[in-house]
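These are the residues of each chain, in order.
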Amino acid sequence: MVIKKKTSVPVTLKKTLTGIKGFDEITFGGVPKGRSTLIVGGPGSGKTVFSMEFLVQGIRHWNEPGLFISFEETFVDLVENFGSMGYDLNKLSKEGKLIIDQIVIKSGDVRESGEYNLDGLFSRMEHYIVTNNVKRVVIDTIEALFSKIPSEVILRSELRRLFLWLKSKGVTALITAEPGQYMMTRHGIEEYVADCLIILDLRIFEQLMTRRLRIMKYRGSAHGTNEYPFIIDNTGFSVLPITSIGLEHKISSDFLSSGIQGMDELLGGKGFYRGSSIVISGMAGSGKSIFAASVCNTACEQGLKCLYLSSEESHDQVIRNMKSVGLDLEPWVKKDLLKFSASRPNSNGLESHLLTIYDLTESFKPDVVVFDPVTNLTTVGSINEVKSMLTRMMDYLKKNLITTVLTDLTSGGAVPEHTNVKISSLIDSWVVLAVAREKSKRKRELFIMKTRGIASSPNVYDFAITYRGIEIFKNDQMQEEKLVA
Amino acid sequence: MENKKEKEPVPETWQLRLYVAGETARSVAAISNLRKICEEYLAGHYHLEVIDVFKVPMLGIEDQVVAIPTLIKRQPQPERRIIGNLSNTEEVLASLDIKRGT
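Line by line, the protein sequences are chains A and B. The opening position of the first sequence corresponds to residue 1 in my numbering, with each subsequent residue numbered one higher. The opening position of the second sequence corresponds to residue 1 in my numbering, with each subsequent residue numbered one higher.
No lab work stands behind these hints: they were computed from the structure. You may find that some hints are simply not true.
Claimed, not checked - Straight-line C-alpha distance at most 30 angstroms; calculated DSS-like pairs for lysine-lysine:
{"id": "1", "chain 1": "A", "residue 1": "K169", "chain 2": "B", "residue 2": "K55"}
{"id": "2", "chain 1": "B", "residue 1": "K99", "chain 2": "A", "residue 2": "K148"}
{"id": "3", "chain 1": "A", "residue 1": "K167", "chain 2": "A", "residue 2": "K97"}
{"id": "4", "chain 1": "A", "residue 1": "K148", "chain 2": "B", "residue 2": "K36"}
{"id": "5", "chain 1": "A", "residue 1": "K399", "chain 2": "A", "residue 2": "K14"}
{"id": "6", "chain 1": "A", "residue 1": "K91", "chain 2": "A", "residue 2": "K169"}
{"id": "7", "chain 1": "A", "residue 1": "K94", "chain 2": "B", "residue 2": "K55"}
{"id": "8", "chain 1": "A", "residue 1": "K339", "chain 2": "A", "residue 2": "K399"}
{"id": "9", "chain 1": "A", "residue 1": "K21", "chain 2": "A", "residue 2": "K387"}
{"id": "10", "chain 1": "A", "residue 1": "K474", "chain 2": "A", "residue 2": "K450"}
{"id": "11", "chain 1": "B", "residue 1": "K55", "chain 2": "A", "residue 2": "K167"}
{"id": "12", "chain 1": "A", "residue 1": "K217", "chain 2": "A", "residue 2": "K167"}
{"id": "13", "chain 1": "A", "residue 1": "K148", "chain 2": "B", "residue 2": "K55"}
{"id": "14", "chain 1": "A", "residue 1": "K334", "chain 2": "A", "residue 2": "K387"}
{"id": "15", "chain 1": "B", "residue 1": "K55", "chain 2": "A", "residue 2": "K33"}
{"id": "16", "chain 1": "B", "residue 1": "K55", "chain 2": "A", "residue 2": "K97"}
{"id": "17", "chain 1": "A", "residue 1": "K217", "chain 2": "A", "residue 2": "K270"}
{"id": "18", "chain 1": "A", "residue 1": "K441", "chain 2": "A", "residue 2": "K474"}
Unchecked claim - Here are a few chain B residues that sit away from chain A, every Cβ distance over 12 angstroms (derived from the structure):
{"id": "19", "residue": "Q15"}
{"id": "20", "residue": "R35"}
{"id": "21", "residue": "E40"}
{"id": "22", "residue": "Y41"}
{"id": "23", "residue": "L42"}
{"id": "24", "residue": "G44"}
{"id": "25", "residue": "H45"}
{"id": "26", "residue": "D63"}
{"id": "27", "residue": "Q75"}
{"id": "28", "residue": "E90"}
Said to hold, decoys possible - Each pair of labels, with its calculated beta carbon distance range:
{"id": "29", "chain 1": "B", "residue 1": "Q75", "chain 2": "A", "residue 2": "G220", "range": "52 to 58 angstroms"}
{"id": "30", "chain 1": "A", "residue 1": "G220", "chain 2": "B", "residue 2": "R74", "range": "48 to 54 angstroms"}
{"id": "31", "chain 1": "A", "residue 1": "M183", "chain 2": "B", "residue 2": "L48", "range": "39 to 45 angstroms"}
{"id": "32", "chain 1": "A", "residue 1": "S168", "chain 2": "B", "residue 2": "Q15", "range": "32 to 38 angstroms"}
No residue lacks a Cβ here, since even glycine has one placed at the ideal position from N, Cα and C.
Chain A on its own, in the form it takes in the complex:
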């Protein structure tokens, strides 16, 4: 996102934080305070979850009681559905903080004789707002009224009155609606609530379900204009800003050693910048994982914490393999300096994978994150989707001054200078590992494709994988007797 916070938010527009992960960031502070926001989405798009979370977070963080007017789901259904997200609606409702009011309009036996209005609905809401000091109101979904109230003329004028009335009560409201074919909502309700309009959308692409959120309109406020992926999982609703923080990273001038003999010298003597992003690319068996593990090992030696995300090998497998090249990672695991997380991204989908990384990072607070190999992500998403996910991940890690090490598998025959996941522009340092065939043996070579802000060596170097890890040779000083691979 490129919009700058300070310049574009008028002082006059007050906002209410929703407490929904990511949403407050992309709206620079939440929904308009004391007004109604329209949430538009088809069945299953997450309208109810979004709205309910708005109320629950309001109670949790700001002690603002909420009223949920439900035209569709029963109290029992809502309690059950949200129970799986860890929200105890029953408890909140017993404490008087959350009022869930189901309105069942009997449409069958109702006749009309003369004029009427919706004061029944108004008096009902007023009763709850006054007795429970309600600050946040949800109406889910307003469309239900259209099938129940016989006169559309009366209903429309009453809706107009409803939104003005909600404003006069000083409550911040979310109104959910269904999308329409010719208008944004099925019955054109956007005409009455014009301050803020949010669209939720559910798409299935290559058998993967993606949810997107877009802010169609936000009068008087800057907002992100992208479509933001979001997920609904057992922690609720999370919006994942494509790039939430622009490029205003804090930067570090401290270094992190690569832990590889000879490597730091190629990088100007001190290693990589801390908080930078590093890619190690190469073909299968070129030593990428060993390279990454060396960085981990050195970081742990200095008392730094590392998170090792493995999408191929299990925790035990990595430990065993690294032992064979002289890297004993086990003590670091025991000292809680190194944490492994092995999961195949296809079991989750990109967005939940990203969220898992966020969660692990929040809880473990690592200094270094290794992602080995990042290439496996392309099995779950298109190149663009993977790139978008990685951009967000790297931004996030960078913002937290976490050094990121990604390994990227180059497929056979591909140009080694291409990263498979097209992320070269995002990374600060890029080391290419290559295997060349020379007579009867394979020769390992390494070079630094780029390092931002470091005067690195332009040469290609030979290296070997020995029982002491990776060793880099200068000027062909191959010491063949040490080779194990």
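Got chain A sorted already, so can you dock chain B onto it with the hints?
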């Protein structure tokens, strides 16, 4: 069983509940329209409660009243609802199951 059969010819009592909101022209009209109909067709056989949803909100909530005015015929069964200021006498009579001339 015997008793019940004997009592059947006795006219039933119409239990009516009318929901209004404040003293608006629409509410006042609904009340007077309904009273007129009741006196004309149900004299002595009806019980009418008039409830202001802003004064007694809980009753309206229990009865799921959204539109105002709403008239609910609780007895005789089946329960019927009619919304509006009750200006259309024909509609009111039909939904209250009142047969003319009886």
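Hint check results:
1. K169(A) <-> K55(B): This hinted pair holds, its Cα atoms lying about 18 angstroms apart.
2. K99(B) <-> K148(A): OK: K99(B) and K148(A) at ~28 angstroms, within 30 angstroms.
3. K167(A) <-> K97(A): 21 angstroms, holds
4. K148(A) <-> K36(B): 29 angstroms, holds
5. K399(A) <-> K14(A): 27 angstroms, holds
6. K91(A) <-> K169(A): 26 angstroms, holds
7. K94(A) <-> K55(B): It holds: about 25 angstroms lies between the C-alpha atoms, which stays within 30 angstroms.
8. K339(A) <-> K399(A): 21 angstroms, holds
9. K21(A) <-> K387(A): Holds, at about 22 angstroms.
10. K474(A) <-> K450(A): 19 angstroms, holds
11. K55(B) <-> K167(A): At roughly 22 angstroms apart (the allowed maximum being 30 angstroms), K167(A) and K55(B) satisfy the hint.
12. K217(A) <-> K167(A): Roughly 18 angstroms between the alpha carbons, so the hint for K217(A) and K167(A) holds.
13. K148(A) <-> K55(B): Distance of about 25 angstroms is within 30 angstroms: holds.
14. K334(A) <-> K387(A): Not satisfied, since the Cα-Cα distance of roughly 34 angstroms exceeds 30 angstroms.
15. K55(B) <-> K33(A): OK: K55(B) and K33(A) at ~29 angstroms, within 30 angstroms.
16. K55(B) <-> K97(A): 23 angstroms, holds
17. K217(A) <-> K270(A): Judged against 30 angstroms, a Cα distance of about 49 angstroms means the pair is violated.
18. K441(A) <-> K474(A): Judged against 30 angstroms, a Cα distance of about 19 angstroms means the pair holds.
19. Q15: 16 angstroms, holds
20. R35: 15 angstroms, holds
21. E40: 16 angstroms, holds
22. Y41: Non-interface label on Y41(B) holds, nearest chain A Cβ at 15 angstroms vs cutoff 12 angstroms.
23. L42: 16 angstroms, holds
24. G44: 24 angstroms, holds
25. H45: H45(B) is indeed farther than 12 angstroms from all Cβ atoms of chain A, at 21 angstroms.
26. D63: Per Cβ check, D63(B) is inside 12 angstroms of chain A; nearest 9 angstroms; violated.
27. Q75: Given a closest Cβ separation of 15 angstroms, the condition holds.
28. E90: Nearest chain A Cβ is 8 angstroms from E90(B), so the label is violated.
29. Q75(B) <-> G220(A): 52 to 58 angstroms: With a Cβ separation near 55 angstroms, Q75(B) and G220(A) satisfy 52 to 58 angstroms, so the hint holds.
30. G220(A) <-> R74(B): 48 to 54 angstroms: About 50 angstroms separates the Cβ atoms of G220(A) and R74(B), which means 48 to 54 angstroms holds.
31. M183(A) <-> L48(B): 39 to 45 angstroms: 43 angstroms, holds
32. S168(A) <-> Q15(B): 32 to 38 angstroms: 37 angstroms, holds
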